[in-house]
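Next come the chains, spelled out residue by residue.
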Amino acid sequence: MALLTRADGTPDWRRRTPKADLLVWAGWLGAVALTVACFQFISDRTIWAFVWDAPTQGADLVARMFPPRWSYASQLWKPLLDTINIATIGTALAILIGVPLAFLAAHNTTPSRLLVRPVVLFVIVASRSINSLIWALILVIILGPGMLAGILAIALRSIGFIAKLLYEAIEEIDSTQVEAVTATGASRPQVLGWAIVPQVMPAFAGISVFRWDINIREATVLGLVGAGGIGMQMQASINVLAWPQVTTIFVLILATVLVSEWLSARVRHAVI
Amino acid sequence: MSATTFDAAAAARAWRPPPLIATPWLRYAVYLGALAYALLAVSTIEVNWTRAAEGVERAGRFLGGFFPPDFITKRSDILEGLLESLTMTVVATGLGILLSIPVALGAARNLAPLPVYLFCRGIIAISRTFQEIIIAIVFVAMLGFGPLAGTLTLAFATIGFMAKLIAEDIEDIQASQAEAVRATGSSWFQLLAWGVLPQVRPRLIGLSAYRLDINFRESAVLGLVGAGGIGDTLNTSFDRYEFDTAAAVLIVIIVIVLACEYASGFIRRKVQ
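Protein chains in written order, with full-length UniProt numbering: chain A, 1 to 272; chain B, 1 to 272.
Source of the hints: derived by calculation from the structure; they are not laboratory data. Careful, some of the hints might be misleading.
What the hints assert, rightly or not - Not everything, but these chain B residues come out facing chain A in the computed CB check (under 7 Å):
| no. | residue |
| --- | --- |
| 1 | T23 |
| 2 | L26 |
| 3 | V30 |
| 4 | A36 |
| 5 | L39 |
| 6 | S43 |
| 7 | T129 |
| 8 | G144 |
| 9 | G146 |
| 10 | P147 |
| 11 | V221 |
| 12 | I251 |
| 13 | V257 |
| 14 | A259 |
Given the structure is predicted, the values throughout are model-derived calculations rather than measurements. Built from N, CA and C at the ideal position, the CB exists for glycine as well.
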């Protein structure tokens with residue numbers, strides 16, 4: 001609140017001072033101008049004839065996508081199972097590596113704030129900032145196409161996610177419990193096992209299931225770069241323009257994702 | 001009683017941290033199930049070990065190709081891709097937030113009637129289920145290659161993300177404040193402006209900053225399916241076996257994601 005004085009001397013209550021008002025207005029102007037400039041840049045790189053054509057193209061695409069070719073589904077169960085396996089094993093691997101990293105990164109459990117913590121934080125950020133598709137792209141070149149590349153790609157991307165959320169949970173624990181256990185003369189591993197781990201267990205379970213749910217979604221598209229799962233069939237179908245098969249794949253993905261989301265929501269509700 | 005003798009009865013009575021799953025049979029069933037699944041799932045991974053062994057040597061050469069990263073030769077390509085990614089991020093975030101606000105209002109049960117609520121929840125579910133890449137494939141098929149397809153993809157994904165979280169926040173507002181505003185005889189829009197918006201504003205700003213960060217990260221992979229951005233540059237450099245340029249692109253992505261993350265973290269701490 002800002003208090004101004006009118007010309008006749010009576011107080012005039014305003015939400016902001018005129019200067020602040022002007023700043024807010026300038027901020028909005030700047031944001032809008034930036035967006036318009038950015039859109040101009042994109043527009044220069046767009047062939048607008050194709051865009052005006054989009055409704056026809058879209059209608060055409062939909063016409064070709066329906067009806068879905070349900071008979072194709074019989075060939076999809078194995079890739080779908082592969083997709084779920086990629087997500088699950090990848091998540092498990094990420095948990096195995098991410099949990100120790102989280103304890104090394106949290107400022108109240110790290111062995112060294114000067115040496116270990118910055119290194120681990122960098123590993124976490126590097127893992128998080130590279131999308132699993134890019135990890136898969138790199139791993140397919142090294143390991144060849146297949147599930148292994150997919151599993152490792154999922155794991156590499158998830159390590160940072162799990163470690164970040166878990167170390168934040170570790171930093172937020174109730175320190176009085178740690179003090180109480182320390183006061184009994186417990187060693188560092190005992191403090192970890194009896195005071196810290198029980199406090200972060202629910203967060204850990206929630207984070208793991210949440211990431212598993214995300215990984216199911218990500219695993220469905222890893223096949224686009226050859227890393228196994230149902231995405232391989234999707235890529236093959238798109239390449240031969242078999243849109244009815246693509247629709248079948250979309251429907252299966254939709255169903256799988258809905259089930260995994262429901263499952264993960266149930267588990268998170270039960271735990272938290 | 002001497003302290004040295006082992007008291008089995010006391011040991012059995014000793015306190016243990018409560019297990020995560022309280023029901024014993026359910027706990028062991030979950031453990032056994034997980035173990036059985038792990039064995040089965042791992043056995044389905046077909047690893048071509050000779051290929052993987054070759055891969056080690058290949059990985060050496062491949063990683064050798066990464067060093068030193070080459071920012072110079074393809075500088076204009078990298079800059080172009082980067083600029084494209086950044087503009088896509090800005091426009092998509094702006095457009096996405098603009099569109100997500102009406103959807104969020106419709107998806108809040110305390111503001112919208114049931115049919116509107118179901119419709120808006122449907123939009124959110126569709127937007128959240130499909131990976132950005134899948135949406136991008138459809139948009140590229142409709143609009144042609146280029147950053148516009150990527151921008152619309154990101155905007156679409158932003159709607160689901162923002163609308164869901166904002167709708168949940170609107171449902172959690174203090175009803176008494178909204179009631180007080182309504183009691184003054186305000187219209188629906190006045191209710192939004194004075195009763196609802198002030199309560200959700202911090203979260204709206206925080207989520208927008210977070211989404212800006214996510215959109216940049218995602219814009220880096222959309223290029224894999226031809227939807228523009230720095231992913232295009234990355235994909236091209238992989239296709240041409242210019243791994244030194246690819247390494248440079250990856251470093252650029254990591255640095256910008258780091259910068260975005262610090263910036264969005266700073267903004268979120270400021271408003272919350």
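How the hints compare with the structure:
1. Interface hint status for T23 of chain B: violated, as the beta-carbon distance to the closest one in chain A is roughly 11 Å, over 7 Å.
2. Because the beta carbon of L26 of chain B sits about 10 Å from the nearest beta carbon in chain A, more than 7 Å, this interface hint is broken.
3. At a threshold of 7 Å, the smallest CB-CB gap from V30 of chain B to chain A is about 10 Å, leaving the interface hint violated.
4. A cut of 7 Å between beta carbons decides the hint on A36 of chain B: the least distance to chain A is about 13 Å, and the hint is violated.
5. Below 7 Å, beta-carbon pairs count as interface contacts, and L39 of chain B has none with chain A, the closest being about 11 Å; its hint is therefore violated.
6. With a least beta-carbon distance of about 10 Å to chain A, the hint placing S43 of chain B at the interface is violated under the 7 Å criterion.
7. Because the beta carbon of T129 of chain B sits about 5 Å from the nearest beta carbon in chain A, less than 7 Å, this interface hint is met.
8. Taken as an interface hint, G144 of chain B checks out: its beta carbon lies about 4 Å from the nearest beta carbon of chain A, inside 7 Å.
9. Hint on G146 of chain B holds. Least Cβ distance to chain A is approximately 5 Å, under the 7 Å limit.
10. A least Cβ separation of about 5 Å between P147 of chain B and chain A falls short of the 7 Å threshold, and the interface hint therefore holds.
11. At its closest, the beta carbon of V221 of chain B sits 5 Å from a beta carbon of chain A; the interface hint therefore holds under the 7 Å criterion.
12. Look at I251 of chain B: its Cβ only gets to about 10 Å from chain A, farther than 7 Å, so that hint breaks.
13. The closest approach between the C-beta of V257 of chain B and any C-beta of chain A is roughly 4 Å, which is under the 7 Å cut-off, so the hint is satisfied.
14. With 7 Å as the threshold, the beta carbon of A259 of chain B stays out of range of chain A, its nearest partner Cβ sitting at about 10 Å, so the hint is violated.
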